[in-house]
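Chains as they are written, first to last, in our numbering: chain C, 19 to 157; chain E, 6 to 236; chain F, 7 to 153.
Hints in this document: simulated from the structure, not taken from any laboratory. Among these hints, one or two may not hold up.
[Said to hold, decoys possible] Straight-line distance between alpha carbons at most 30 angstroms, and here's what the computed BS3-like set of lysine-lysine pairs gives:
no. : chain 1 : residue 1 : chain 2 : residue 2
1   : F       : 86        : F       : 139
2   : F       : 43        : F       : 139
3   : E       : 36        : C       : 156
4   : C       : 123       : E       : 55
5   : F       : 43        : E       : 99
6   : C       : 98        : E       : 31
7   : F       : 142       : C       : 98
8   : E       : 55        : E       : 65
9   : E       : 155       : E       : 36
10  : F       : 86        : C       : 98
11  : F       : 43        : C       : 98
12  : F       : 139       : E       : 155
13  : F       : 30        : C       : 123
14  : F       : 86        : E       : 156
15  : F       : 70        : E       : 55
16  : F       : 139       : C       : 42
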Amino acid sequence: MSTLYFEDIEEGDELPPIDLFLSKDQVRQYARTAGMYFPRFTDDEGARAEGLPSMIAPGVMSMGLLARMISDWNQAAAIKRIGTTFRSPVLPDRNVHLRGAVTQKIEADHTAECDIWLENDDGERWVIGTATVALPTKA
Amino acid sequence: MAHILDLHLHSEASDDSRAPVEAYLKWLARKRDERPLEGLVLTEHRQFNKAGDYRDLEDKYGLLILKASEVETDYGHMLVYGVNDDIIGRFDFKNVRLSAQEVITEVARLGGIAMPCHPGRPTIGLIEHYQKKPPLEGVVGVEALNGGSKKGENERVAGLVQAYGYHAFGGSDSHLVSFVGLCATAFDRDIKTVEDLVDALRAGGYRPLDFRVQRPQPPIAPEVPTHGSGI
Amino acid sequence: MALEFDRSLIGQVFDETSFPPVTKEEILEFAAALGEKNPLYTDEAQAAQGPYGGLVAPPTLVTKLRAKKFTPEHLPKFGKVGFDGGRDLEIHAPIRPGDVLTMVSTIHDIYEKTGRTGSMYFIVIRNEVTNQKGEKVAVIDHRIMQR
Chain C
19 MSTLYFEDIE EGDELPPIDL FLSKDQVRQY ARTAGMYFPR FTDDEGARAE GLPSMIAPGV
79 MSMGLLARMI SDWNQAAAIK RIGTTFRSPV LPDRNVHLRG AVTQKIEADH TAECDIWLEN
139 DDGERWVIGT ATVALPTKA
Chain E
6 MAHILDLHLH SEASDDSRAP VEAYLKWLAR KRDERPLEGL VLTEHRQFNK AGDYRDLEDK
66 YGLLILKASE VETDYGHMLV YGVNDDIIGR FDFKNVRLSA QEVITEVARL GGIAMPCHPG
126 RPTIGLIEHY QKKPPLEGVV GVEALNGGSK KGENERVAGL VQAYGYHAFG GSDSHLVSFV
186 GLCATAFDRD IKTVEDLVDA LRAGGYRPLD FRVQRPQPPI APEVPTHGSG I
Chain F
7 MALEFDRSLI GQVFDETSFP PVTKEEILEF AAALGEKNPL YTDEAQAAQG PYGGLVAPPT
67 LVTKLRAKKF TPEHLPKFGK VGFDGGRDLE IHAPIRPGDV LTMVSTIHDI YEKTGRTGSM
127 YFIVIRNEVT NQKGEKVAVI DHRIMQR
């Protein structure tokens, strides 16, 4: 865990990626915790009955993981806004890669705009989004 | 002067992007070694951003910025270059069921060019429609390399291009700042205006360029969830 | 060619719910399910020394509210199945153990586009969340995709 100040970051910085094997148990644990224990998030058969290839992770779980990437990068970054588009269902039991980059630094309110996304081993971007984070200043 | 352009990207004028045009330009300026682009074509969803004026940004960053549209038809999505008042008056860009044949034919007659994008994509790509319906007349080229594609979607286009003799171009389809220019198009001729672009797209003499970097993906051990700490 | 539905639905509040108090355990479990390591969300003692003077919830915990039933019953069905198309979260105040959250939900927008799976109808639900002190906690725009 590190603390980064507004002065420490630059436009173009990549956020440290998280490479994760997303297990079905992890998805079930999230679904249970988040009050979303529905078939499509808990078992393959239930998901297939809804026309899905297999069980999927809730979109908000991907969003939560991307928020965690920001918090792993800088524990002092306060998320003011986070928006994600769930372009494709996130299928567990395989690797997912959480990535991000600082795209804009806004001096006026010491915030930074970040791109955030989740991709699979083939580089398909299943979830894309942006976040606005407020950072502490040294001044 | 511009020979290498990203022909497909969305700015904050589109409903599903928050990327300011200037942030795209700054990103390209920063990444010039990896993505040597000289221009961008903004293809906003279901609209033509007539009010958008990027001349000051062009001067500031030394990059060409042109405006176009991405529309939705009964043969999938199409990029419309050279949009003018006649074209805007002829079609309701918000209609998600435009007739593809009408778009191709009428846009060409009115001075622009409409080109199918991501043809390998299910439902909104040309290939699936060609399997069920007769081919369109007057298609000049297709987006053979799209930065938002899933595995196999770009690969599928090679056969289409060969079978119909279409020209091939590329675009990033970027909705995020950092994806700008990952796929682009190289032109033999210099593009200075949207009229140049339309002429060049009609004439041929261009090809897709891929600037994506494939990262090696190491094997990963599952994370073991812990049930909270501190209690 | 506009989508056919009763446009007076837009802007209508269709639900207002107050939820049971947020618990410390709930916050810790939610953080653990995401693999959060930030002591603000995982460690009461360390969080007490931090900027909020105590444990707070990871920012996306607010998406738990009414996770089971988020579409209004009186809304016409535009498609057979519904999926989460995306969320936009504005965070205004941290959520702490003991907070009683109230959520007011409005139909914000309805529109149509086409995608990899065919025609898609988007219903945007705007959820405004406040706490027991009347502070604005979050605004969640929830894009529900039906096809």
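What hint numbers does the structure not satisfy? 1, 5, 10, 12, 13, 15, 16
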